[in-house]
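If you read the protein sequences in the order shown, they are chains E, U and Y.
Here the first sequence is numbered in this note's numbering, starting from 1 and rising by one per residue.
Here the second sequence is numbered in this note's numbering, starting from 1001 and rising by one per residue.
Here the third sequence is numbered in this note's numbering, starting from 2001 and rising by one per residue.
Check before you lean on any hint, since a few could be wrong.
Claimed, not checked - Straight-line Cα separation of at most 25 Å, DSS-like style, residue types lysine-lysine; simulated pairs: (1) U:K1152 / Y:K2005; (2) U:K1152 / U:K1210; (3) U:K1167 / E:K147; (4) U:K1152 / U:K1026; (5) U:K1167 / U:K1213; (6) U:K1325 / U:K1262; (7) E:K157 / U:K1213; (8) U:K1262 / U:K1196; (9) U:K1163 / U:K1314; (10) E:K192 / E:K107; (11) Y:K2034 / E:K147; (12) U:K1152 / U:K1064; (13) Y:K2005 / E:K192; (14) E:K191 / Y:K2005; (15) U:K1026 / U:K1082; (16) E:K292 / Y:K2056; (17) Y:K2089 / U:K1064; (18) E:K73 / U:K1213; (19) U:K1210 / E:K157; (20) Y:K2089 / E:K107; (21) U:K1060 / U:K1034; (22) U:K1128 / U:K1116; (23) U:K1152 / Y:K2089; (24) U:K1064 / U:K1301; (25) U:K1116 / E:K147; (26) U:K1156 / U:K1034; (27) U:K1026 / E:K147; (28) E:K157 / E:K147; (29) U:K1152 / Y:K2056; (30) Y:K2005 / U:K1248; (31) U:K1314 / U:K1301; (32) E:K147 / U:K1196; (33) U:K1316 / U:K1301.
Since the hints were derived computationally from the structure, they do not count as laboratory data.
Given next are the chains, with one letter for each unit.
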Amino acid sequence: MPSSATGRKGARGARPLFGGNALAWLGLIPFFLFAFAFMILPAGNILIGSFQNREGAFTLANFQNLLRPNIVKSYLVTIRLSIVTALIGGCFGLLMAYAIILGGLPKPIRSFLSTFSGVASNFAGVPLAFAFIATLGRVGLVTALLKTLFGFDIYDKGFSLYSFWGLAFTYIYFQIPLMILIISPAIDGMKKEWREASENLGATAIQYWFHVGIPVLAPSLLAAFILLFGNAFGAYATAYSLTGGLINLVPILIGAQIRGDVLHDPNLGYALAFGMVIIMGLSIIAYSWVQKIASRWMK
Amino acid sequence: MKRFGVFILSALIMLTLGSGVFAQSKDLIAAAQKEGQLTVIALPHDWVNYGEMIETFSRKYGIKVNELNPDGSSGEEIEAIKANKGNTGPQAPDVIDVGLSFGPQAKADKLIVPYKVATWDSIPADVKDKDGYWYGDYYGALAFEVNSDIIKNVPKDWSDLLKPEYKGKVALAGDPRTANQAVMTVVAASLAMGAKTPADVNPGLQFFDKLNKAGNFVPIIAVPGTVASGETPITIRWDYNALSNRDKSAGNPNIAVVIPAKGVIAGVYIQAISAYAPHPNAAKLWMEFLYSDEGQLIWLKGYGHPVRFNDMAKRKVIPADLAAKLPPAEAYANIVFPSLAEQDTAKTAIAANWDKVVSVEVMKK
Amino acid sequence: MKNIKRTALSWLVLLLGLLYFMLPLVATFLFSLKGKKGVLSFVAYEHVFADPQFLKTFFFSFQMSIYTVVAGLALIIPTTIWVHLKVPKAKPVIEIFALMPFVIPPIILAFGLIRSYSRPPLALVTTPALLVAGYVIIAFPYIYRSIDAGLRAMDLRALTEAGMSLGAGWFSLLFRVVLPNLRTAILAAIFLTFATVIGELTLAVLLAWPAFGPYMALVGRDLAYEPAALAILSFAMTWGSIGLIQALSRGKARPGTVVAPGLAVMAEETKPTTTRSTTNGLP
């Protein structure tokens, strides 16, 4: 729970301006109304449809089907892909954001990279898949260069773009920019003077990070991580174009059931989507719990 | 007097029940023009020349054609009808063009309504619903689309694809668990590998297993870009699409279209009118147009075999130059039309077993 | 010494990143030049520009992006500020809402919107407003996260209390104190929303609007070299649009500074110590 009323070591005093009372919740009505009208209500089908069969009668069969081994596997693969790309994208994005903001690089680079990140964060789906096929596919640019310049055929050595790691490598193309954009405000808030002060006091870089840098960034890092996780979790166009269904991701399965020509069991699709909602909900709970622990640690 | 009246009445009834009312009659045209719009779905312009079909219809009758989701699949068309049940806006489709196997289910789900076009009788019986709910419009056979700039030795048959010279070169044009075209590819391979009926897909799955283990299979969905770049220089798709791609490429790259020697599978698509069509008369007029000689020939121009092909050939209304553009008739001599039941069995079996054959676990040799 | 080491490392990171980001674009660009056999030519680009649908759909999506940005910011900035200041307990609820759009498949959202809003009295399905509403939902996670990060980085409570004690009204506070400090965050939110809407595919297709995403998908399935040209062009045009937004906002305060001078002094003084404790207030 937010310790807004107690435990704040601040110059300003411990209580929020008006307390979190019921009247204040009214201020959130426009938001909740909008979210209900355009998100909850339309998505209600997820809930309703997953409990129905084709004729509309109530059934739990869809959820039973979720326990099939290939579906369980697809959830695991999707979660694994999302975590991996969130971590890699998050770490490298953090490094890049730090480099361009506090790393002593010329100022124009920051605005260049911000703009680039804005564009690249949504360069996903078919164009991205094709771009990577054109780069690292069997006849891709880099593949061909390595072959002609170094006699090194990466496909002979076992590499394939059409694999879990190939897909992950492609995903981080939009994860890193997202991280850069999201973490920049937090890094902005880290003042240069702190670093200089800590160096003057004799702290090493590692000590600075451990005692000042990471604690300050931690909440934003966690929030960014879960955003990146969600971003990857729901993505499918890139995976579909790159691996043609080779890798079973849940969004691809959902697409196959709802819009596919072959299987066409929309109710199973809804149940799959419901499963994703549950997993996302659990992730949020986990995230809140970690946030709480982290904030306690920082006191 | 009464008998005469009955005679006149029954004559009138017979006149109206004759082809008069259901043909492209003035009444139907007027009613359709009053509606002013037709909403179609999932009709790419270069898919059996739908571009020309739509444009000709629109110009001829002055009816605006609203095109939804050209990239859509048959499944999406059905979902679009369901989702737009109360909606008379432009998102609701009037007519659908879906795979054969979607007909009976759509009829059972009450998503389509019957309408027998004027040329009903010349549509072969095995590709139409006897009550007129849906009927075949065109068909094609699965063909190899080969980038002949990169592949000098063009494969002629399914067994050729297993040769080591095609390592890393063969891809499907879809995912067999979601796309009709890809499912039929597995069925065609199955027939070529000795299956007795289209329902037996095991030889086909084994073929792809072999193709995969040999390293010839590239697990991405082939699109014109990947065929041109050489990432997927050999792919398998409907002949009308392959031929149309060949024409569009205009030599850059050169594309060879080969109907395989064995395992020639026909894919039939069907037309139907949505039960919730906002413009039912425009829909009926569209059907009449499609099944008229004029409409059928437009499809033929797009390399699709119109469903009334045999009837039109018998009546000698097919221009010779058009007939010459199609691949030679001998290539289609052994064409197989899978029945609805066979298609259903095949689909289920492939969907269930595909990832045992080709999946990330399998790829990690 | 340490500075040089840090700068060198920053350059290394930057170059690695740029290599990773540029190579696929270069590969796409090179492929797009192969429209004519044997030579490098821009004929694929000529085809794209010759198609009237290209600019038409891009401008449509551009318009929708602007509406989405305006509607999204107007809804979410006040809400997030309100939550930070007055109803911190609502934060977990908002967080859940802010992550839900990721797990609602766009196809389900689209069909759901059609089903709910195709009948009177709420027959919104024929107006672009429904599309914009859908886009706001899709962009919501990014907008919220940006604004939230921005608010976290500034001590909102301190600033507002200081402002009020200086006699500023709510309006003044919002526009002269809070928003300028949120500049980085707001820009990030705008960029992300913009990019999301320009390329969005499913909602536009199913709600039957002539948007850029469906146009790109259509070209992709039909032609060989034009999709690559289109990808490069859409990258460039999105870049241009975002650059434009960035340039237009350059007139205002630079990030990290506060407009009202009196507040600036107080904010600077209190920032280091209070920033740490702000993080304690989070759920």
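The hints, checked one at a time:
| no. | hint | result |
| --- | --- | --- |
| 1 | U:K1152 / Y:K2005 | 55 Å, violated |
| 2 | U:K1152 / U:K1210 | 23 Å, holds |
| 3 | U:K1167 / E:K147 | 17 Å, holds |
| 4 | U:K1152 / U:K1026 | 56 Å, violated |
| 5 | U:K1167 / U:K1213 | 10 Å, holds |
| 6 | U:K1325 / U:K1262 | 22 Å, holds |
| 7 | E:K157 / U:K1213 | 16 Å, holds |
| 8 | U:K1262 / U:K1196 | 13 Å, holds |
| 9 | U:K1163 / U:K1314 | 42 Å, violated |
| 10 | E:K192 / E:K107 | 15 Å, holds |
| 11 | Y:K2034 / E:K147 | 21 Å, holds |
| 12 | U:K1152 / U:K1064 | 46 Å, violated |
| 13 | Y:K2005 / E:K192 | 16 Å, holds |
| 14 | E:K191 / Y:K2005 | 19 Å, holds |
| 15 | U:K1026 / U:K1082 | 32 Å, violated |
| 16 | E:K292 / Y:K2056 | 49 Å, violated |
| 17 | Y:K2089 / U:K1064 | 54 Å, violated |
| 18 | E:K73 / U:K1213 | 23 Å, holds |
| 19 | U:K1210 / E:K157 | 21 Å, holds |
| 20 | Y:K2089 / E:K107 | 39 Å, violated |
| 21 | U:K1060 / U:K1034 | 15 Å, holds |
| 22 | U:K1128 / U:K1116 | 10 Å, holds |
| 23 | U:K1152 / Y:K2089 | 69 Å, violated |
| 24 | U:K1064 / U:K1301 | 23 Å, holds |
| 25 | U:K1116 / E:K147 | 62 Å, violated |
| 26 | U:K1156 / U:K1034 | 52 Å, violated |
| 27 | U:K1026 / E:K147 | 68 Å, violated |
| 28 | E:K157 / E:K147 | 12 Å, holds |
| 29 | U:K1152 / Y:K2056 | 42 Å, violated |
| 30 | Y:K2005 / U:K1248 | 56 Å, violated |
| 31 | U:K1314 / U:K1301 | 18 Å, holds |
| 32 | E:K147 / U:K1196 | 45 Å, violated |
| 33 | U:K1316 / U:K1301 | 16 Å, holds |
Hint compliance for this structure: hints 1, 4, 9, 12, 15, 16, 17, 20, 23, 25, 26, 27, 29, 30, 32 are broken, all remaining hints hold.
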